[in-house]
Amino acid sequence: MSYLDKSLDEIHAALKKGKVTSKELIIESLKRAHATQEKLNCFVTILDDVKEEKITFDVLSGIPYACKDNLSTKGILTSASSNILSDYVPVFDATCVEKLKNKNAVMMGKTVMDELGMGGTGTTGHTGVVRNPWDQTRMTAGSSAGSAAAVASGIVPYALGTDTGDSIRKPAGYCGIVGFKPTYGLVSRWGLFAFASSLDHVGCLTKSVKDAAYVIDAIKGIDEKDMTSFDSSNINLVEDYTTNVKGKKLFYIKELNDELKNSKEYYDNFMKVISYAKDCGIEIYEESINEDILRSIYPAYMAISCAEATSNNSNLTGIAFGSRKDGLTPDEVMINTRTEGFSELIRRRFVIGSFILQKENQEKLFKNAQRIRRLIVDKMTELFKKYDGCIMPNSDSIAPHFGDVNDVMSDKYLLFAENLAIGNFGGFPSITIPSGLIDNMPVAVNITGAVKEDSKVINIAAALEEKIGFEPLSTRKEK
Amino acid sequence: MYKVTIGLEVHCELESNSKVFSPAVNGYNENPNANVAYQDLGFPGILPVANEEAVKRALKVSMALNCKTPDEIIFDRKNYYYPDLPKGYQITQMTKPVGINGYLNIEVDGEIKRVDIHDIHLEEDTASLDHYDTYSLIDYNRSGIPLIETVTEPCMHSKEEALTFLETLRSLIVYCGVSEARSDKGQMRCDVNVSVSNTNELGSKVEIKNVNSFYNVGRAIDFEIERQTEILQNGGVVEQETRRLDDETGETFHMRSKVDAVDYKYFIEPNISPTPVTCEMLDEIRKTIPMLQLERKQMYKSKYDLSEYDSDVLVKVKENSDFFNECVELGADPKKACNWVTGMLMGYLNTNEITIDKVPIKPLMIKDLIDLVDNKTISSKQAKEVFEDMVTSGKKPKDIVKEKGMMQITDDSAIYDVVMEVLKENEEQAKEYNPEKTRMIDFFVGQVMKKTRGKANPAKTMQMLKEELAKYVK
Chain P
3 MSYLDKSLDE IHAALKKGKV TSKELIIESL KRAHATQEKL NCFVTILDDV
53 KEEKITFDVL SGIPYACKDN LSTKGILTSA SSNILSDYVP VFDATCVEKL
103 KNKNAVMMGK TVMDELGMGG TGTTGHTGVV RNPWDQTRMT AGSSAGSAAA
153 VASGIVPYAL GTDTGDSIRK PAGYCGIVGF KPTYGLVSRW GLFAFASSLD
203 HVGCLTKSVK DAAYVIDAIK GIDEKDMTSF DSSNINLVED YTTNVKGKKL
253 FYIKELNDEL KNSKEYYDNF MKVISYAKDC GIEIYEESIN EDILRSIYPA
303 YMAISCAEAT SNNSNLTGIA FGSRKDGLTP DEVMINTRTE GFSELIRRRF
353 VIGSFILQKE NQEKLFKNAQ RIRRLIVDKM TELFKKYDGC IMPNSDSIAP
403 HFGDVNDVMS DKYLLFAENL AIGNFGGFPS ITIPSGLIDN MPVAVNITGA
453 VKEDSKVINI AAALEEKIGF EPLSTRKEK
Chain V
181 MYKVTIGLEV HCELESNSKV FSPAVNGYNE NPNANVAYQD LGFPGILPVA
231 NEEAVKRALK VSMALNCKTP DEIIFDRKNY YYPDLPKGYQ ITQMTKPVGI
281 NGYLNIEVDG EIKRVDIHDI HLEEDTASLD HYDTYSLIDY NRSGIPLIET
331 VTEPCMHSKE EALTFLETLR SLIVYCGVSE ARSDKGQMRC DVNVSVSNTN
381 ELGSKVEIKN VNSFYNVGRA IDFEIERQTE ILQNGGVVEQ ETRRLDDETG
431 ETFHMRSKVD AVDYKYFIEP NISPTPVTCE MLDEIRKTIP MLQLERKQMY
481 KSKYDLSEYD SDVLVKVKEN SDFFNECVEL GADPKKACNW VTGMLMGYLN
531 TNEITIDKVP IKPLMIKDLI DLVDNKTISS KQAKEVFEDM VTSGKKPKDI
581 VKEKGMMQIT DDSAIYDVVM EVLKENEEQA KEYNPEKTRM IDFFVGQVMK
631 KTRGKANPAK TMQMLKEELA KYVK
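These protein sequences, in sequence, are chains P and V. The first sequence begins at 3 in this note's numbering and counts up by one. The second sequence begins at 181 in this note's numbering and counts up by one.
Next comes chain P alone, as it looks inside the complex (with noise of 0.2 Å):
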């Protein structure tokens, strides 16, 4: 096994002691990544020349990482998938991609995305799908696509993604790795190419649970540059880190369970995780939701996200940014660039949102949309005073066929279509860790918590993952 596959500390240990070195960690994921890429296409841009870099006392110092396209790397072309951006190379970088060049952190690549992050499927990145190591006639979810296959398929121990509805949290679950989407404003989204300002995150993908604490302990803290960071000195993921979860409590969502209980396997499962969970001394309660409720975070999501993605992209004119396109008027060039720029699924986004913000239609839909979104955030906050947490199947699925499902929006009220979209509008820390395989392929399940109780989501889902003892799929190969 090579000290890439193994976790973050084992592997700074190694670098530490002079075992591997950062520039042999480097070669190793350079390589696998270009003997994946065909199949995968994890990459937009794979970074041959980076160099290694010194080991510190920072955990991440001389180790490669993977970082989502949509994330500002300074001198990097970064296009977040979309052929507008596809020769945008920014001058600044993200705040989290800053904080861990200080950690001597290595960025080894940039991943593709759904097309500015738009989409869940892994499919609509300018630069084609995303394939699941796990399956190749499967798709990985999105948008953080190219991160999760990259941290699944072993090219990487971890990489940055971006979570707006469950971005990182629904690929994370169909690749068989973690997903971690800390609260709303732990890591600054400063350098973060704005879907839906108010949904978005900065999270991380990776093999551990403890390895996500790793990494969003190097990215978090307060931002002068985003005025909704705020100060978590008084959250540290690695040091209050432990498994020993016993007496805390958590509930799962009644109406969710029962839509489950239609697929018996995946109901199991779900069943053997709460019962490894009160193995670990975690007290387990039903709690119900009105159904209506939850019928409308689907929609209420796309309302909002939507609206939001509208005018946070229309920057993209080929005035200042986005490859301009040729016209009499500036009116012209606008409407060019935005039409040949955007892809079809894209440009019904923004129409949607558009029509959204109409004045005639904003109390209707906008409105009714953010009322939605308090009432689910308000229910949850006031069962989050009774509990640590809730438990919730990250989705009713393994990861879908190419062609079976697509981005374009369904008519259908849903359950589990947006559900882990909760984590966003409340802004709650939620974790997605593998629970097992059903027909050879990872299923998972979600711990969302209290704003700011990052720490205890974490230590609910490390205790769960030591029960659980899921395989990765990179450290799996090599058996």
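Derived from the structure by calculation, the hints contain no laboratory data.
With a cut-off of at most 27 Å between alpha-carbon atoms, the simulated BS3-like pairs for lysine-lysine come out as follows:
id	chain 1	residue 1	chain 2	residue 2
1	P	Lys56	P	Lys105
2	P	Lys361	V	Lys258
3	V	Lys183	V	Lys385
4	V	Lys248	P	Lys369
5	P	Lys369	V	Lys276
6	V	Lys515	V	Lys481
7	P	Lys227	V	Lys276
8	V	Lys631	V	Lys617
9	P	Lys361	V	Lys276
10	P	Lys361	V	Lys385
Based on these hints, arrange chain V on the given structure of chain P.
Chain V in isolation, oriented as in the chain P frame:
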């Protein structure tokens, strides 16, 4: 009768340490695109950070305009596409402006009129465009500069009222010390709404966008009143529309109709978390709001009995008025202080085209100067000489008087001696003295002054001469 109704939307740049949502310098720079940060260009991945100083300054103007302040500061996005708008939206305030439901008193033809303020909000300016034959250039220096927009109710009914409101608002902003508010520097711009009606109902609103000077506001109003009146006279209907003023001809022309009105799709800016507006914060700001122009003028007239003209002259520039106030606070007689400030001091400032902060003179010096004249240490003629010295040297009047040996002789016996000496030397003239002929006594006064080098107290000298000369008269 045709009824004219006017409403104004006045944009004014605020001074601040940096731009309203970015760390770039907020200031004039002749080099294009020199004062720009990533935020001002709309780079992918940027976030706005609200400038606390700009927010406080906007609140200050809001309170000076008697507005109701919000419980928290939030911003909204106004979404539209234009080449001068790098983000594709402008961060402004719609949901909770820094002020609503205020008013400003103005004085038109000696009458006080209240102009109601609908709201005042803080927002960012756009970039500026320079158009050439086949291309345009964008200068982002202006992008992100803080603006306050004051929106009045449609409650003015003449050009004079509108222009007086603008002047009064400008003075309020300058008095508050938040902006120079100079329209010649593009710091103040205006949208003008004019409607003419031949009924009691409000007529159709015609908006003239982006008028760049008070002079042009007047022209736009004149033109619109004439244009709309003519339409009504011919039995036509005035169309609700947005127009633009042609600076060259002074005529307005059609820009867009009501049906083409832009839907700005406002929504709350999600990247700026709400900041509570506390009572302490408002109290702190309130303390910094000075007495405004019109109130000062009224006080000068009623309390100090100054003339309309002098009061106007004093309040025109806040610093001059402040200077005058300080003289009075130090105990100077208001009328005398006013004479010095409006006469000698402002004369000097005007001649040299400088402002009061550029001269070394202090209010205490004026007060001392007045005292020196009052207690007859120096004559008023000498006082002018002292003033001319101190306005450039900054020396205390007493020191100047001492330096120049200006102390008047007020000792009766000393003056008496000189008077007697003069009479003795000019006995012939004394014998011819006739109290009816004032020119004769002037001769003797002149002689006394000559001997004392002007230091004899003129009043006392005159008194003694009259008494002594009377003895010569048979």
